[in-house]
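Engineer: So the chains spell out like this:
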Amino acid sequence: MEKIVHENQKLGSRYFEIKHPTGLTLLLCPDQKFNSAYAIFGTNYGSVDTTFRIKGEGKEFESVPEGIAHYLEHKLFESEDGDAFARYAVLGASANAFTSFDKTCYLFSATDHIYESLEVLLDFVQSPYFTKETVEKEQGIIGQEIKMYDDDPNWQVYFRLLRALYKEHPVRIDIAGTVESIAQITDKLLYQCYNTFYNLNNMVLAFAGNFEVDKAMEVIDKTLKPCPKLTIERKTVEEPREVCEHRTEVKLPVSMPLFCIGFKEEPDRPEDFIKGQVLNEMLQDILTAESSPLFGELYKEGLINMEFDSEVVAGRGYLASVFEGESKDPDAVYARILEELNALRKNGIPKDRFERAKKALYGKYVRLFNSVSGIANELVSAYFVGDSIYSPVELIEAITLEDVEERLKTTMLREYSAISIVVPAEEEA
Amino acid sequence: MEQNFVRTEVGEGVYLTSIIDQKFKSNRISINFLAPLNEKTAAENALVPLLLRKGSKEHPDFTALNAYLDELYGAILYGDIRKLGDTQVLNLSLQCLDEAYVLEKEPIAIMAMELLLSLLLHPMIEDGGFEKESFGQEKQYLADLIESEINDKRSYAINRMIQAMFQGKAYGVNKFGTKETVDALTPKQVASAYERLITTAPIEILYVGSKAPEAVTQVVKDAFSKVERQVVATKEELGTLAERAVQTETQHMQLSQGKLVMGFRTSLANDPKALDSLRVMIALFGGTPFSRLFANVREKMSLCYYCAARMDRYKRIMIVDSGVEHSNMEKAKAAILEQLEIVKRGEFEEEELQNTLLSLDNAFQSVSDSLHALEDWYLSQIYTGEYKSPLETMERIHKVTKADVVEAANSLTLDTVFALKGEEK
Chain W
1 MEKIVHENQK LGSRYFEIKH PTGLTLLLCP DQKFNSAYAI FGTNYGSVDT
51 TFRIKGEGKE FESVPEGIAH YLEHKLFESE DGDAFARYAV LGASANAFTS
101 FDKTCYLFSA TDHIYESLEV LLDFVQSPYF TKETVEKEQG IIGQEIKMYD
151 DDPNWQVYFR LLRALYKEHP VRIDIAGTVE SIAQITDKLL YQCYNTFYNL
201 NNMVLAFAGN FEVDKAMEVI DKTLKPCPKL TIERKTVEEP REVCEHRTEV
251 KLPVSMPLFC IGFKEEPDRP EDFIKGQVLN EMLQDILTAE SSPLFGELYK
301 EGLINMEFDS EVVAGRGYLA SVFEGESKDP DAVYARILEE LNALRKNGIP
351 KDRFERAKKA LYGKYVRLFN SVSGIANELV SAYFVGDSIY SPVELIEAIT
401 LEDVEERLKT TMLREYSAIS IVVPAEEEA
Chain R
1 MEQNFVRTEV GEGVYLTSII DQKFKSNRIS INFLAPLNEK TAAENALVPL
51 LLRKGSKEHP DFTALNAYLD ELYGAILYGD IRKLGDTQVL NLSLQCLDEA
101 YVLEKEPIAI MAMELLLSLL LHPMIEDGGF EKESFGQEKQ YLADLIESEI
151 NDKRSYAINR MIQAMFQGKA YGVNKFGTKE TVDALTPKQV ASAYERLITT
201 APIEILYVGS KAPEAVTQVV KDAFSKVERQ VVATKEELGT LAERAVQTET
251 QHMQLSQGKL VMGFRTSLAN DPKALDSLRV MIALFGGTPF SRLFANVREK
301 MSLCYYCAAR MDRYKRIMIV DSGVEHSNME KAKAAILEQL EIVKRGEFEE
351 EELQNTLLSL DNAFQSVSDS LHALEDWYLS QIYTGEYKSP LETMERIHKV
401 TKADVVEAAN SLTLDTVFAL KGEEK
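Just so you know, the sequences run in chain order W and R. Under this note's numbering, the first sequence has 119 at position 119, and the numbering climbs by one with no breaks. Under this note's numbering, the second sequence has 217 at position 217, and the numbering climbs by one with no breaks.
The reader is advised that the hints may include incorrect statements.
To be verified - Below, a list of computed lysine-lysine pairs in the DSSO-like style, where the Cα atoms sit at most 27 Å apart:
1. Lys105(R) / Lys364(W)
2. Lys137(W) / Lys421(R)
3. Lys402(R) / Lys388(R)
The hints are simulated quantities; they were obtained by calculation from the structure and are not laboratory data.
Just need the whole structure built from these sequences, with the hints factored in.
Structural biologist: Written as structure tokens, this is what we have:
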């Protein structure tokens, strides 16, 4: 088995990347200083993968209902002889799963019975069991999950922004789908998605914390089932840089308007994925971090409060720089951010602000190594974009002021931006 | 791995508790004032950590203060308000990189502690009042925090239930105060609240990091040697809640999903053994994905996405909450009560108890893997005066038997129901 050692001496951290004969990639990061071990078995498959085919089968692209990746995540916990939670229960492990735009992850955290828990994880994810009855039963639970998000103003303001920014890309659809779309999901469709995306060649196992590599390998060798090699073709959509609409607004029961301001960016080449993300994060910090003049002014004028934040949203075929918060006048915040961007482009970025943003971002990425969950999640994310978990820390040290100024020429442009606002619904009588 | 846990008095009623653990790449220092929670002082106290976060005599400019935090590798400075039983905890914390990982060999631990002490001991108070501009901003923010509680429907509904259950008692008071009391605050009033806290409130400083903070301890001792203090201890009302008919409250809102919250009181006395039994019983009932509530109300009946039970250990109450369709609310309530009856009758397997204990083991053993969890754990231990490590508590929990669980279940009575419903069509 091919074994690559990734290491960062400054962080005193290393992990092994192993290509298992079954096709699964293993990322093992043992560290006995922790009490717990944290495993993630993930597939490179999320809510955006709605139209696909298997290469070489000679079939047309096929579309599946919105929300099916998330539905599949729920149903995989069930097997013919009970559910996975019951199997974990006798081991004391704490288990969960989540579906995002571009991945589905099954995880557990355990301090005892670590290897048995690993066996449960690998086994149940490889053992689908869907019937008409079990699929129907889940509609009630997921229907309530969707309604919970309908009532969540932070979720609404965020997804409405993505729908304003993207015309075609499936990042604009809700991860859990809608009550209508999930009604179309059948056991047959679940098997079709499972057999395509849960192929071990499309998956990864990340394991971090208190375990021994040899003992983990024993379980892995015993539990993984051989898998035919397959290549998935995802239908790529033609997404123009232009946004769908520049402004969207909805009324919900909130106390003060919530906003999300987004800039739609040209996605970077896959090999520059992390670099692009880090550059945009650094620019966001220079622009609106708490240490920026703009933050200070907006705060003084009562236009933002400490809830203000920024993030980069990125995945296969999409990249957006997002600023979010609460404000009595979100449009004014939007205008001021655009103004400040123009000023930075015109006058250049002050060196001291660049240096500070660099230190702050370095600290932020080192912090991820404080927890086994942080390490395991980063392992999976970095792997799916073809990189190592140490890349952000290493890239940040090397970034220059010129890199950031160059980036600012093509990023966070007014014409490719939008604002989403949730305004308070009128008081009921 | 058990941490090295040391508690020293560093000033009159000021304690520094250090928890040393090599696994973290950051250090965390958290300073906590413990104040009695009451309607009169909740708002003025709550504004204090928000104002301390804004600056000090040495760091008067907010933007420059934040720039200094960036220099400390993006150190996270936070002013926060918490509630532990009848106590309002006013908190100022700083998390920064451990010295081993900085790029320019800065003595970052001392720099961080000095910054915190400056913010804590030299606030921007002039002529007996907080600096007006900052005061206006933070007063508005505190009012916003109170009003925006409605944004998160789940926690809003839980808070409303607690307020109804503990009406007229300290625990029923909102930790931020009310909109009205916040609106009436003046810079002088909050400055005297600060004076009262710094001279009379017990102060608990927690440090979690990789090295014994000897140098840091000295800095804190020196700083507090200049503060004159006369400490007033906080008290917790420990009696059992009086018997009464079930209180019901309903609120209507534009919603697609309703929220149901049920509060249960116990007749068990306040002793560690009873608490252990209650803790295990509540976890078995609704604290895990194989619990009674999850397996039946969610999985079997498909009534909701979440239905969970939790314990408030200071008030010894059980809170059950669920997000359900408006039309299913009565059905969900009946199902929850039916599961409780089953536990009361002892109609559950010994295996459920054993699995619940395993799950609690995992939770206790994981505490030491998180800076935040360690801080929360030890602050809670200090508050209750138990001073037990997670592993010691875990060992004790294992003495809980099935009979204890049944007894704990039978001690519970439904006290208050709060429902958040959509508008009637």
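Engineer: Compare the structure with each hint and give your call.
Structural biologist: These are the hints, each one checked on the structure:
1. Of the pairs offered as hints, the one joining lysine 105(R) and lysine 364(W) holds, with about 18 Å between alpha carbons and a cut-off of 27 Å not exceeded.
2. A distance of roughly 25 Å separates the Cα atoms of lysine 137(W) and lysine 421(R); the hinted pair therefore holds under the 27 Å criterion.
3. Distance restraint check for lysine 402(R) and lysine 388(R): the Cα-Cα separation of roughly 24 Å lies within the 27 Å cut-off, and the hinted pair is therefore satisfied.
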